[in-house]
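Engineer: Letter by letter, the chains look like this.
Protein chains: 2
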Amino acid sequence: MASVGRIPVVGVEPTLEQGRWPAKAVVGEEVPITATIFREGHDKEGANVLVLRPDGKRDYLPMPLDNFGNSLYSASYVPRVEGLHRFRVEAWSDPYATWVHAASAKVAASVDVELMLDEGVLVLGRALNELRLPRKAVAVLGEAIAALQDEAASPAARLAPAVGDEVHAVLRRYPLRDWVSRSPEYPLMVQRERALASAWYEFFPRSEGAYQDDDGTWISGTLATASERLKGIAAMGFDVAYLTPIHPIGTTFRKGRNNTLTTEPGDPGSPYAIGAPEGGHDAVHPELGTMDDFVAFVDEARTQGLEVALDLALQCSPDHPWVTEHPEWFTTRLDGTIAYAENPPKKYQDIYPLNFDNDPEGIYIAIRDMLQVWIDAGVTLFRVDNPHTKPLVFWERLLADVAQRHPEVIFLSEAFTRPAMMHTLAKIGFHQSYTYFTWRPTVRELAEYLTEVSGPASYYMRPNFWPTTHDILTPDMQAGGAPLFAARAVIAATGSPSYGIYTGYEFVENVPRPGVEEQIDNEKYEYRPRDWSAADEHGLVSLLTTLNRARSEHIALRRLRGLTVHQTTDEQILCFSKRVPGEFTMSGEDDIVIVVVSLDPRFAREGLVTLDMDALELDEDAVLTVKDYISGSTYTWEREFFVRLDPGRMAHVAAVTRIAE
Amino acid sequence: MASVGRIPVVGVEPTLEQGRWPAKAVVGEEVPITATIFREGHDKEGANVLVLRPDGKRDYLPMPLDNFGNSLYSASYVPRVEGLHRFRVEAWSDPYATWVHAASAKVAASVDVELMLDEGVLVLGRALNELRLPRKAVAVLGEAIAALQDEAASPAARLAPAVGDEVHAVLRRYPLRDWVSRSPEYPLMVQRERALASAWYEFFPRSEGAYQDDDGTWISGTLATASERLKGIAAMGFDVAYLTPIHPIGTTFRKGRNNTLTTEPGDPGSPYAIGAPEGGHDAVHPELGTMDDFVAFVDEARTQGLEVALDLALQCSPDHPWVTEHPEWFTTRLDGTIAYAENPPKKYQDIYPLNFDNDPEGIYIAIRDMLQVWIDAGVTLFRVDNPHTKPLVFWERLLADVAQRHPEVIFLSEAFTRPAMMHTLAKIGFHQSYTYFTWRPTVRELAEYLTEVSGPASYYMRPNFWPTTHDILTPDMQAGGAPLFAARAVIAATGSPSYGIYTGYEFVENVPRPGVEEQIDNEKYEYRPRDWSAADEHGLVSLLTTLNRARSEHIALRRLRGLTVHQTTDEQILCFSKRVPGEFTMSGEDDIVIVVVSLDPRFAREGLVTLDMDALELDEDAVLTVKDYISGSTYTWEREFFVRLDPGRMAHVAAVTRIAE
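So the protein lines, in turn, are chains A and B.
Read in order, the letters of the first sequence correspond to residues 1 to 661 in this note's numbering.
Read in order, the letters of the second sequence correspond to residues 1 to 661 in this note's numbering.
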């Protein structure tokens, strides 16, 4: 059992099960580090954080008292380099602060005056002798000692410099530390900023440029035709072009249009039924092109300022080369057949799941090598399909391996399942996570969820908010038309530092297949070329462009913490703000963005918003000048302000440009 | 970094910083052990707890799923022996449960019927081959296999036994466990029951039998005269007789009556100013008697069924032998004087604090040896005065040392300070803690506090509730008279498994020294003999006797967890219940005690109580017959019931004797 320590340090955060897994951060992100520190009796304690960086350097952070009642000390660390950092909290007896407290009280009360002044000479003398101080600090302490010894002056005057701001500043930076007690070292994994903040745009490359020839036969789009879409995606300001699987598609039990069990000639099949004689997960579907075409696609994306994300769906069609080469990687049933996916009594005969327990090493190496093919081709992000149906030990090993060799590669977990699994996948290494955002339709639920994801979970799980996906069209989105598409795009893009849009969102594609919460004529089973020249008919192209511009201009929108939900008088109006304090912005000014959204797609809504001025660290009577990205207008808002939103104008995304008292 | 494990186990409780300190329990106490367990895909997981006992035995506990949404598994452990236990949670793949789920669904849907039945033969055959089963279990599985293979029967009939209760019961107790994943081992310190449940009675032995002779000179009571009081204390049903310090008292700067700086002849001084030429912490004050007298006192206490607690106040009067023998154990100031206690500008010149940093080893050994003197004399509990003014490393070492050699010895921490210190003292080894109960005067505050102390903190901090002490007389207790003394005794004795009464409570001694929250003519500074023949004038002797009888008859009152606060319609009426489920009581019946208390000492209060039937695990329309210890009456209560309390009858302490639906 670890001892409590001479100056106890307990409850250090952020930690996951005392360092079982690292907390996460990105370069430039403020990481609050807190600990409960206290000591016996009346003597004073002090604290600091020591960060051991992967480049061998050490960062020393003074850690002041934050809350006396809770004995909470805190410091903020802003990592500057990527890689695994370790940090520890150090607490110590502070002889200078102890003396300041006693001397200030006693000299004022004319008790033990000479003794107190003599003790001051002693403690500042220790600082001079024991600490490596810069020349200026030496001078400051020397003058304070001289004043303490100046018997011609009054006691108060003799004391003043030694307890004053200048000496305090020196000893805050270079403290005298007795009985230093150290917490364990805790890991903090620092990644590039895109691991936290990113705007994804998902599309099926085969739909881009697909067409029917004269006899009605569909001709697939290609990577080449799909790359023509990249300019439009980049123009809207997205960061990531995410492609659904691009591999050969099986024909055995291929699904037809609208997920039917029978196909018609020309049905392209689901790209999630991966594998055919032409190849498996490391191959490009011949109708899309070649590996060279893929590399060219990635190059074009880079030219447009986009990174490319691939879908990683670890399952095989019955025609996948692995099925014949490695039948031992699947589950063979007692009757000798290979088990297809099923959730009894439902059957998914076009899919063979891998059985990771049969040959964990063989499967692991095959998948690792397959990933390397795509990383070598320039892929820097993977959207992982259903990671919660594969063993977590597999992911933990794979993600650590890839992080070691390619720390820039980002994995997004698509685990729509119970919270324990979703959160643990984040803890063991996924950089980003799909979340429950898609199923939080009401103001109350969104308020709670925004608060939850930006709270303590923010140290390990980075949400990626999607209003829809190719798999998901929720009842509210089926019914709410363009206004709700606008509203939920606003919340996704501003409530979370990462969000994603599935192509066709611009056209308000909201018709479901009856009885299912996904689109009719789902692109998973057919080609869906779109006429991009008409894409802004609902104003959504403009809106997405505006949102991405606001995100690029405001660091607060690229951070997860610093979110506050504010009260409104209308049950359909949601208000929240994001804030980054001035010490962590380029300008040195607080960055505050206030988002107000209506969730009523049919009627105008109006009411009062009451800002939580404490949370914003604003005076109660501060007057804010805000610039609304949506309307382009400038408003003056106070603690309580009136808003009116309607289906034609569903939101304000208001950046604070001026604060007057 | 520890791997997540093939079947992940996270968030095991109760643990303190992942085993930095042990959780606490007493023999016979129910300890819920919980963990978050889940796995990939659709296959089933199972879990168990393994407890490694200090006697070398192992206890295996099945750990069923408690909450699907939270992936929470739980088991209850009831320790049978004292000492340091270790426990771990084991999670595994459950091939039997996986097969039951698939076979039940598919046979019902007539899919893969033969395959499913064959797989059942395989999985039950594995159980027969791989597990050490008792003969009866072998027969149960054998019959199920025979049924699966009975081709003459219908598929449903063939399946039924293999998925039925009997086979389930066998495999719950003796599971087939694949891919067993183990949590770390966590410590659980098990102590004797009194460490959790105890009723303390505090008194100043010198007051018992003290008298004034004819010229008005006070003659001190002695250990011999004080021992005459033990019978009365035992008759009220207390467990512990706690004596304020019994050591020689210094004369230098001795405090006079009512804490004055000057003494008058005959003033006995504060027993907390320890040490005089006659001896220090290991000596008996000559006016109280000798060490032999003390041993006789302990013997008499034992005869009466009482244990003896001593006050451990680690400070010295200027006349303490250590001051001359070991001046290095104190702080010497620059002017050569020894530092007295002070909280600038306040001075406490009659007290020299030890400086534990000057000679930690020497001081430690002296105190350890001094404690041994009292343990050898029969002391089994120590009430530690202001432990938060001494280093925690000192306590951690001392308490571990004593626990090793004398695990029966109990330490009560008197740390009226910030929560972090109070809680950490409990974590590092104190068995019991004074709490904020004394400063929680209102129904709302008490409801919150009762909920807090019986929640997660209950795994390390055991509260000891005191309505008053020799140091504390809160404003409400100054004003509330006998009714409030009654009410707060009820809450202390029933709200917490440990509580304490400071002598004189029977007489409603509630007059404060002006401007201070303690009694006038405080017994710390003078003799206060009392006429015990008149002690029940306010009915408080009877009440305390009744409360202690209720405690002895109801295990629920001797446990900390299982407390629920219930709603009442009157803001001055508090209702809470304590409950121990039947599986942990001797009778096998649930033990439920419902406490209803008025906090209004002046007026009658009436209103409705609404019981939280879910928390009590009762049907909504259950009818309870209760026996009220206070009135002696029997009532019939339902979910909602009416109460009327008044200054003459401030509480019900109602044990449920019968539950009808």
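Treat each hint with caution, since some may be false.
Part of the chain A face toward chain B, derived, beta carbon under 8 Å [as the list claims (entries may be wrong)]:
(1) 4
(2) 13
(3) 18
(4) 40
(5) 41
(6) 44
(7) 77
(8) 81
(9) 102
(10) 109
(11) 388
(12) 424
(13) 428
Bear in mind the hints are in silico, worked out from the structure with no lab data behind them.
All C-beta atoms in this analysis are idealised placements derived from N, C-alpha and C, irrespective of residue type, glycine included.
Engineer: For a quick check of understanding: which of the numbered hints are violated here, in increasing order?
Structural biologist: Hints 2, 6, 7 and 8 are the ones this structure does not satisfy, whereas the remaining hints hold.
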